[in-house]
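Student: Residue numbers (our numbering), protein chains in the order written: chain P, 1 to 354; chain F, 1 to 354.
In case anyone wonders, no lab produced these hints; they're calculated from the structure.
Certain hints may be false.
[Unchecked claim] Okay, derived cross-link-like pairs now, DSS-like style, lysine-lysine, Cα gap no bigger than 25 angstroms in a straight line:
1. F/223 <-> P/191
2. F/30 <-> F/139
3. P/330 <-> P/207
4. F/191 <-> P/75
5. P/207 <-> P/177
6. P/30 <-> P/305
There are 2 protein chains.
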Amino acid sequence: MNRTLVISIDAMGGDHGPSVTVPALALAAKAMPASTRFLVHGDAAALDPEFARHPALKAQVEVRHTDKVIASDEKPAVALRRGKGSSMWNAVEAVKAGEAVAAVSSGNTGGLMAISKLILRMSVDVDRPCLVASWPGAKGLTTVLDVGANIDCDAERLVEFAIMGEAFHRAFHGVAKPTVGLVNVGSEDVKGHEEVRLAHAILRSGKFDLDYRGFIEGDDLSKNTVDVAVTDGFTGNIMLKAAEGTGRYVEAELRAALTSSLITTAGALLARSGLRKFGQKLNPPRAAPLLGLNGVVVKSHGGAKAQDFADAILMAASLSQSDFATEVEKNMTRLTAAVAESSAPAADGAATVD
Amino acid sequence: MNRTLVISIDAMGGDHGPSVTVPALALAAKAMPASTRFLVHGDAAALDPEFARHPALKAQVEVRHTDKVIASDEKPAVALRRGKGSSMWNAVEAVKAGEAVAAVSSGNTGGLMAISKLILRMSVDVDRPCLVASWPGAKGLTTVLDVGANIDCDAERLVEFAIMGEAFHRAFHGVAKPTVGLVNVGSEDVKGHEEVRLAHAILRSGKFDLDYRGFIEGDDLSKNTVDVAVTDGFTGNIMLKAAEGTGRYVEAELRAALTSSLITTAGALLARSGLRKFGQKLNPPRAAPLLGLNGVVVKSHGGAKAQDFADAILMAASLSQSDFATEVEKNMTRLTAAVAESSAPAADGAATVD
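With these hints in hand, go ahead and build the complete structure from the sequences.
Tutor: The following block contains the structure:
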């Protein structure tokens, strides 16, 4: 990489604003080339005192002042109507203008999706930027998408998710040939509704540069059976929240069980280093790319701490420096050709025959 | 109850057959009136030695010999074609013939659903008998349905699940007025796909004897936000398996973390009574009714132990002695009326207006 890497930052998003985003920049900068630059969008009056504590950053940062902020509970439609000139809006617009290669925000998800879609436009045919989750399991992290943006998905949308998820997993995790699975209620070809069966037939056709492994089930996620798990936004959102809820419940029960008597409490105290390790392993990364846009946008969690937001910046950097965009484009062209080839009746036939 | 309660038992199903089902009968009999009778279907040569160990049961049991058994990996279509005369078939047929008020089997789920549907027929308009799960949470168990039988569900099917799930929860858990929620990707009326929004509008109309609380999300299950959570069989199966997988993963990680060093192992040993309690609380009941049939059929887990299978027998007894059937029928009549009242365009309108 010879060219200077410029990342655009919405410094006002999330629960903590500059008190988290500025220390995060300092953390991220240490892990990136010294030539990296940050365009930081937000309220200069709030930002300057934070930057004063990180003088080493000065040469890498350009603050673009705005006092307009999108509230964390703003509806997407309102964010669109009134968001122009806000720190989030300006962060994304810098990518559109070619001033930065990627934008990072921990502002509200719906607003960020809507603004990113309006400014950058979609590069694929999905309705809204696709939400990605990293699902922790025994062997590492499975990339899961869509986890909530696109509620109604036909077979082509599911194939698009597979293409984007695979390219993202390679770009971010450095796996040369990620494996891909389609979430269903069983592993046989006849299982599931028409959309998943048709997507299965298209993915199995071998027309894409994908290591497609077929159907997987809900319990395959924690087993990391595949690197990339594809599902519609309705199912993905519900299964993710159901599993998160179960994880929290199990942790709470565990705490209660371990402090139910003096003896067990003493045991828990002795075991606490083990338990701490356990807690860390269960907490997945809190950064997620919005996939399907003409440009890189990474969403950090609203409650992100400095290290979380720094991780989101690093994710944005690796995505923008990877072949993600060209790989997706190549496979999308193949998808268009595959769909054109198989006229509507043939496509229906594929679903039934398989 | 003056009349004798007769339960029909498939004694050959599950991984262990009579060595589990007979001791289970002994356990169940202790918790039931002495007048209870069991019609036990299976291989007399395998059953007799088991019953010899439980002489107290003798007066309550009638063995109906058959040496035909449906294998645990039999496809439903094959079970239907070749199942006639098997222990599972005969157990269900005794309900149809009026010889027993309920049937219990730990045989294969697909086979039991197919045979039950063929013999007993559906009492409601769903495609297949509805599968129910009991979801453990902080405050108890949430009844979740459908968890895998009916993949494509329109709004009316979802309302039928609500009606049946609510009646089941009252009959089995003794809750006078169970609360009901519809699983979705958000709590606002505009969220989700058309089927859930229309089901929401029908349920909110107040035409049923239901305490309907609106949309819930995936993480509401472990919180027991409602007593009964309604979803289609595709989403339900995937969210259940995803949560089960997460639960197993968390337990495995916990065990690994607690035995990672001598100190933590010592701590885990001290804490073991707390940990045991924790494990028990996470294991939900392994019995599930097949809802929507003209008759009570309860499925026990294939790997059921004697207490699990005894619990399934008790569930069958409480369902058959409850007002489940009449309550479902009453609300189903109201549903038919509500759907007839709102002609197709009005129903569409409801989804949009709401």
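Student: Does each hint fit the structure? Answer for all of them.
Tutor: Now the hints, each set against the structure:
Between the alpha carbons of residue 223 of chain F and residue 191 of chain P the distance comes to roughly 31 angstroms, so the proposed pair goes past 25 angstroms and is violated. This hinted pair does not check out: residue 30 of chain F and residue 139 of chain F have alpha carbons roughly 28 angstroms apart, beyond 25 angstroms. Taken as a hint, the residue 330 of chain P and residue 207 of chain P pair is honoured in the structure, with Cα atoms around 11 angstroms apart against an allowance of 25 angstroms. In summary, the hint linking residue 191 of chain F to residue 75 of chain P is supported, as the alpha carbons are separated by about 13 angstroms, within the 25 angstroms threshold.
A threshold of 25 angstroms between alpha carbons decides the hint, and for residue 207 of chain P with residue 177 of chain P the separation of about 15 angstroms falls inside it, so the pair holds. With a C-alpha separation of about 17 angstroms, the suggested pair residue 30 of chain P and residue 305 of chain P falls inside the 25 angstroms cut-off, and the hint holds.
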